[in-house]
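**Student:** Going line by line, the protein sequences match chains A and B. Every letter in the first sequence is one number past the one before it in numbering that gives the first Met the number 0, and letter 553, counting from 1, is 552. Every letter in the second sequence is one number past the one before it in numbering that gives the first Met the number 0, and letter 1, counting from 1, is 0.
Honestly, I wouldn't trust all of these hints.
Only part of the chain A face toward chain B is listed, based on derived beta-carbon distances under 10 Å [said to hold, decoys possible]:
hint, residue
1, 153
2, 154
3, 348
4, 360
5, 391
6, 590
7, 634
8, 636
To be clear, the hints were calculated from the coordinates, so they are not data collected in a lab. All residues carry an ideal CB built from backbone N, CA and C; glycine is no exception.
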Amino acid sequence: MIIELGHYALVLALAVSLLQAVLPIVGAVRNDRALMEIGTVAAKASFLLVAMSFAALTYAHVTSDFSVRNVWENSHSQIPLIYKFSGVWGNHEGSMLLWMLILTFFSALVAVFGDNLPESLKANVLAVQAWIAAAFSLFILLTSNPFNRLLDAPGEGQDLNPVLQDVGLAIHPPLLYLGYVGFSVCFSFAVAALIEGRIDAAWARWVRPWTLAAWTCLTAGIAMGSYWAYYELGWGGWWFWDPVENASFIPWLAGTALLHSALVMEKREALKIWTVLLAIMTFSMSLLGTFLVRSGVLTSVHAFATDPTRGVFILMILILFIGGALSLFAFRAAHLKAGGLFAPISREGALVFNNLILTTAAATVLTGTLYPLALEAVTGAKISVGPPFFNMTFGLLMLPLLLAVPFGPLLAWKRGDLLGAGQRLFAAVAIGLVAGSAIYYAQNGGPIMALFGIALGAYMIAGSLTELFLRSGLGKVTGAVALRRLSGLPRSVFGTALAHIGLGVTLIGIVAVTAFETEHIVEMKPGMTTDAGGYTLRFDGLRNSNGPNYSEQSGHFVISRAGVNIDEVWSSKRLYTARQMPTTEAGIRTFGVSQLYVSLGDGMADGGVVVRIWWKPMILCIWGGVLFMMAGGAVSLSDRRLRIGAPARAKKQTKPVLEPAQ
Amino acid sequence: MTRKQKRLAIIGGGVGFIVAAVLLVMFAFSQAIAYFYVPGDLAKAHLAPGTRIRLGGLVENGSVKRGDGMTITFSVTDTLDRVPVTYTGILPDLFREGQGVVAEGSFREGSPVFIADTVLAKHDETYMPKDVADRLKAQGVSLGGKETIR
């Protein structure tokens, strides 16, 4: 009964979305407030309906109701409770329902927090959101219905893919979707602005928090996916340039560009047309990513199912929305007036530079991802475009941008002083080179490029701090004055600095682990030792055990340094009984920001076992840097100017703080 | 600078960068991609020694042998032709005889043995790499129910 209610709620959500897709626009044209207001109500209603539907599916998974085909195919009575919850979206149908849930969640947020928007803009935005919602709920109901029943309920399910039985599944997809789908709001704002034919700095200010929120979530989602792949797959890699990873990375690059161009538009009313185009393209890339991942044209762990009708359906959604938005853009863009002028060397110029490189890099990744598909369609030849291609093109293209990152905030709007900025960054360059040399020396050498790579990362960190340092006037004024100046700076300044610092930290991690990583593949018998990264691992032997739904063989290793035992680690291979599928559970130990990674291979006839041990120097910097970026996003989001115009209640006058006499 | 010059400088710089990017991508495509073959294709392919390719097919039943230490030899077959492969390292969890596999690497001069540096077997137990399934079907190999990719 609950399942049917969930199904019914989803049908109702579709109906509500259809209303929401039409009535508010009519209201906006006729200037009819009652009609426009329907959008607000409908957005909240359809979120509630989809949430009910999602809750019903969750109920089916948690209670292991195998009469529901989706549960039978993707669950098992014996999996731990947390995986029964996360298993809801560990399959195609459920993950599309999660997609819908987040989409309607964002619409509802616009409805609730959009009181400061002009009524007609809000109505149009909600209507465009509803078009997307209607298209995707139709998609779910027609091709991917999670509520289909089986006539004879089987006694036991087919189990969740063991690779997905991990806490990563609970976190990674929701975060990623919050990012992916969050960009739908930017898209809707862009289309709504084109429908109205009016766009100004205020528009950019309204779009910016949504962009920031979506970007922060997408950043977190990608990083989480990367760390999950790193520890779960047992290959020790953290990024594979897999098409599915690229499908999330391309919207990230476009979204990062959007974040920066919206800044120019907000401050200087320039780059209007470009920003609108970028908003459309960012969500288009999200849709394309959804298509690539869900249609089965790519083969990967994410392609839960390949059913041609699904691929065709999503492709139609893709064409309809991207094509429609771009046609509208072509039709309307000429009406948008160009904004402020600026010299090539200026803050605006630096942000244009940023956009040029990020979009080119996104286009390059897109080309590398789609080229094999296109080539196969045209000539039938099958090729693989792998890491060598992406490292070569993406790495080289991004280099000038990384060098330029600290310059941007130091250049003035309209007309900047490149030489002056360079002089101010002198210290940062020096710090970078010293840090690079120090780490290079501490790692006992390696490829000389590593020195410069790390120097570049350290320079970005120091350069981003330079901005704060200069603005506080530290060194010229007393500490108290500097502190007061710092606290008077807009939060977005700190957000920028944090995000750029994070980029530097991530870069250092990437370079260090690429250049200094050591890998040891050895056959070990109990009692044997192997050295890795200055540590010694002694293999103690294997132990067999059983988990709730798997059997496990674990190797025990004692880690010592300079003869002293300091730690131990278990590394295991599991066999999940329901699917008879083996997985590797790598043993990972963290030392500072570096890690030892132990992966168990096959047992040998003579009682030994093949062990793969990696020393991953500074690898945690990769994800640590992302934490900085996320913090930067969150801090910027709390900036006061994004709330200007919001219906803020009158603040109480803060009492003047009495300072003690010095 | 005049308004026109400013605009020209920005557009010129942008176009220059994009042209450089396009050239870079074309260069990378000529260097860094690997073609996909099944064993039956290789006789016609006339590969230069050292050319990186992906070799796909099924792991032939009874062909997996562990040599000294970490080196493993096995045969990849499309059920008509077979290619011997050597690989040093740890095989993926789902590597099994009779299952689909993709090996990446190259042939040495004058040797019929494929030296793989990467072996991929995919994440799902009922999974047959799509590339492999398509090619095997094109070769007329019956896969029974196996070609359904879940």
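**Student:** Would you mind marking each hint as holding or not holding in the structure?
**Tutor:** Structure-based check of all given hints:
| no. | hint | in the structure |
| --- | --- | --- |
| 1 | 153 | 17 Å, violated |
| 2 | 154 | 21 Å, violated |
| 3 | 348 | 7 Å, holds |
| 4 | 360 | 8 Å, holds |
| 5 | 391 | 5 Å, holds |
| 6 | 590 | 23 Å, violated |
| 7 | 634 | 31 Å, violated |
| 8 | 636 | 30 Å, violated |
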